[in-house]
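K.L.:
Protein chains in written order, with my numbering: chain A, 1 to 351; chain B, 1001 to 1351; chain C, 2001 to 2351.
Simulated from the structure, these hints should not be mistaken for laboratory data.
Just so it is clear, the structure is predicted and the values come from calculations on it, not from any experiment.
It is possible that some hints are incorrect.
What the hints assert, rightly or not - No more than 27 Å apart at the CA atoms, straight line, and that leaves these computed lysine-lysine pairs for DSSO-like:
#1 A:194 <-> C:2077
#2 C:2194 <-> B:1077
#3 A:55 <-> B:1055
#4 C:2194 <-> A:194
#5 C:2055 <-> C:2077
#6 C:2194 <-> B:1055
#7 A:55 <-> A:77
#8 A:77 <-> B:1194
#9 B:1077 <-> B:1055
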Amino acid sequence: MGTASLGELAVRFGCTLQGDPDTRVAHVATLERADPQALSFLANPRYRRYLAQTKAGAVVLDAASAAGCPVPALIAKDPYAVYARIAAVLYPTPPVIPGRHATAVVDPSAVIDPTAAIGPFAVIGARARIGARCTIGPACVLLDDVTIGADTRLVANITLCNSVVFGERCLVHPGVVIGADGFGLAPSDGEWLKVPQVGGVRIGNDVEIGASTTIDRGAIEDTVLEDGVKLDNQIQIGHNVRIGAHTAIAGCSGISGSTTIGARCMLGGMVGVAGHLTICDDVVVTGRSFVNNSIRKPGYYSGGIPADETTRFRKNAARFHRLDELARQVRRLTGGTPGSDDDADDDNKDA
Amino acid sequence: MGTASLGELAVRFGCTLQGDPDTRVAHVATLERADPQALSFLANPRYRRYLAQTKAGAVVLDAASAAGCPVPALIAKDPYAVYARIAAVLYPTPPVIPGRHATAVVDPSAVIDPTAAIGPFAVIGARARIGARCTIGPACVLLDDVTIGADTRLVANITLCNSVVFGERCLVHPGVVIGADGFGLAPSDGEWLKVPQVGGVRIGNDVEIGASTTIDRGAIEDTVLEDGVKLDNQIQIGHNVRIGAHTAIAGCSGISGSTTIGARCMLGGMVGVAGHLTICDDVVVTGRSFVNNSIRKPGYYSGGIPADETTRFRKNAARFHRLDELARQVRRLTGGTPGSDDDADDDNKDA
Amino acid sequence: MGTASLGELAVRFGCTLQGDPDTRVAHVATLERADPQALSFLANPRYRRYLAQTKAGAVVLDAASAAGCPVPALIAKDPYAVYARIAAVLYPTPPVIPGRHATAVVDPSAVIDPTAAIGPFAVIGARARIGARCTIGPACVLLDDVTIGADTRLVANITLCNSVVFGERCLVHPGVVIGADGFGLAPSDGEWLKVPQVGGVRIGNDVEIGASTTIDRGAIEDTVLEDGVKLDNQIQIGHNVRIGAHTAIAGCSGISGSTTIGARCMLGGMVGVAGHLTICDDVVVTGRSFVNNSIRKPGYYSGGIPADETTRFRKNAARFHRLDELARQVRRLTGGTPGSDDDADDDNKDA
């Protein structure tokens, strides 16, 4: 852990300093729990009520909040981003200590940069290429023909199947499985024939993949995550999916096979996207939505019906199951023609 | 496996015995498949139809069902709890056999109680503290500064990241990942900055965590599971979440970051809870609900719309997408004023 | 990788050949990207637009599409199944190389067929039985009393708990956990008692299980997957579930405890099925459905409400929360009797 003076931080990150430039901060804390050695921040208005009482050494906040800050302040246009940068100074990523743990099993044909670190019980298959300053953590299994770009870190207990390719500066959390076969099945006489999954997985630079997320290999061509994609935990990415640069997806979401998601999209938690769709750039899908049509226009999309008290919810859900009938009744009351009632069937058009 | 006489069991667990106290039972079985050495139970009325024909050695049931029981009965107010206690007698947890497998990699600074068992290919990092009679099963990876209280059992293939703290008597199933980074990202010029995740994870006593569940470390403060929390499989717990004592959550649920759930709550399967919410004590959320408002009153909450035949469902879903229009039509028919129509927008109030 | 002439393939798989029988194909490709050594196929009408320009060496397609094919064609009634069979010829599964990696930890009481392959850091518990030509990949953990039928392949990093039984020719992807305890809890004085989970898991022949799927052991009897079941990634199968032969379930679905699903069913992605239900044979449940009633009639069932633009969706969702009231208003307008309004409560009948 480092420490830093407010003066240094203000200069380095372009903040206006309100307070003593020699004050030093050594760690981060919430407004509510901060002590005088702590740096805190205010970005979410939910937490504004804690500002007046904070004991922090300094708070990163925007100009509008600065007047209400009882302690030194680093004033920035985007306090959360500045907080993230300062926290990275106070909590630097430990340097990679090069070397191969004695227990690691490495195929003789693997090419491992001497500055990389290979942990205990790692398995590295044939023809692997591991770049400079990579970390292959404990119990990671890399099957054959895997390529890992420089400065990428596999934390622990990660499985990369054959021919997975990673770019540089990626971070992969435990439990992740990349390159397992997609769910390719052809029906044949009441049984299922396996369709060989012969594509690979290509992952760009600066990608982060959360714990226990799974990314299937392509059926024929590759499954692709472009640069800067951020995936949370327990996400499932089907075969042949392509995710555009700097798109972020929250936990428990699932993207079905052959769907393409554009750049700079944001998907909330537990979003499900059906297969063979296209979502354009700059789309936000809020949590729990079910996307089963392509989205061709940037904007906000939603789909999760919020919970309610059980008795009330069940009454409404029962009515939902007769909604078409209800609409037809209303149509009759308003004198509409029965012929126009078939608008109940247009649910499958693209949004 | 043990055996026990009905007489012993009745005394030990406070049941009224109907039948011969010397009858012995040696294993458990369902009412339908039980043989005369089997103990069975009746708790769910769904299975009452199997009682009259059962061949069980004895059945645990409540007083109301006792008259219909053709074999010896252990009559209890809460038959399922008594069944659970008796099953634990018949199937005792095997004792922990102390020792460290020759293949385990243990940092010299780790302090491991001599009564603990460390399995093959376990990795135990710096400054770990492993309590009495713990089991660290095969292929578990504990990164640095992990603490495990007495009698806690990590079955196999579990990853605990830095600084995870477990209480006593916990049970953790394979595939679990605890302490991976939360999904903390700050937008900056169309890209994402990683927000360092510097909090930890603290888990109380008597907590059970199901297979492949993931629990993220806190962003600043800790993610906390209080005593007696029970999590099923494939659950995602976001950073800074706090779950109150004796709350149980069924499989595939996800709790977004910074949400607090009270004590003695029950969440069904595939429940999604949005971030930064508060759910009070004694709340039951039925399966498949989407909670996106805080819940401040104990009670039952629901949200999953049940499936229907596809043709019918699609017609109703299409109508749903025009429900606001339908309601406005009805309003006009009833002579309501258009001004009051903005009640369609109050969906975001707390429940 | 193999190569094959169109003549051989037409004879072997019963296709009508349109073109030169001596043309050879060496790999597979999509219509859009194929080169003259590639075999491609047309099964999904979405991709028909790429046929006219394809550079493939040959295309597998049906008779109706053959006229529009600019290159040699293998005409088949079911092009996708024929494609799957040919791809398996071009990309044969590598033969199993018998042997036990020096690092594997195998209990002396385990019986392992000499033709099986045991990878690095595999752990094989007491009394295991591993059949002919099995692969137990790197870092797989098999606790005690596991049985694996011939030709079954555990790719890597898979955990099988005690007493799991696999049939022949199964394929299991990384991250899978089978046989962890089911979520069996009995409430007792505001806390939870663990109900011992003493059943096993039995898996038939030709079953495929996707990455990070979890299958719990039975509470008393076994959890069962019959022959030919295909599970995608991140699926949760609760205790005592039984899944009939040749049923396929897409990713992120969850089946709650004690539910029975029939043969030849298809469940889409993110489907949730409540506990203690019965789904008959030949049922198709589309993606994102929530099944909370038994299904007793073969057919198509749906339940996911598609996403919409956020503003519009929220208005409709707000109306949903007052749908019962709306229906009562319409009832009054049509002159219906209030007594019949209690049809809002019949939501819990079996579908």
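K.L.:
Could you run down the list of hints and mark each one as holding or not?
P.N.:
Structure-based check of each hint:
1. For the suggested pair residue 194 of chain A and residue 2077 of chain C, the alpha carbons sit about 18 Å apart, so the restraint of at most 27 Å is met.
2. Simply put, residue 2194 of chain C and residue 1077 of chain B have alpha-carbon atoms about 18 Å apart, close enough for the 27 Å limit, and the pair holds.
3. Taken as a hint, the residue 55 of chain A and residue 1055 of chain B pair is broken in the structure, with Cα atoms around 70 Å apart against an allowance of 27 Å.
4. Taken as a hint, the residue 2194 of chain C and residue 194 of chain A pair is broken in the structure, with Cα atoms around 40 Å apart against an allowance of 27 Å.
5. At roughly 23 Å between alpha-carbon atoms, residue 2055 of chain C and residue 2077 of chain C fall within 27 Å of each other, so this suggested pair holds.
6. Distance check on the hinted pair: residue 2194 of chain C and residue 1055 of chain B sit about 26 Å apart at the alpha-carbon level, within 27 Å; holds.
7. For the given pair, residue 55 of chain A sits about 23 Å from residue 77 of chain A by alpha-carbon distance, which is consistent with the 27 Å threshold.
8. Between residue 77 of chain A and residue 1194 of chain B, the direct Cα distance comes to roughly 18 Å. Compliance with the 27 Å bound is thereby established for this hinted pair.
9. For the proposed pair residue 1077 of chain B and residue 1055 of chain B, the alpha carbon gap of about 23 Å is at most 27 Å, so the pair holds.
The structure shown violates the earlier hints numbered 3, 4.
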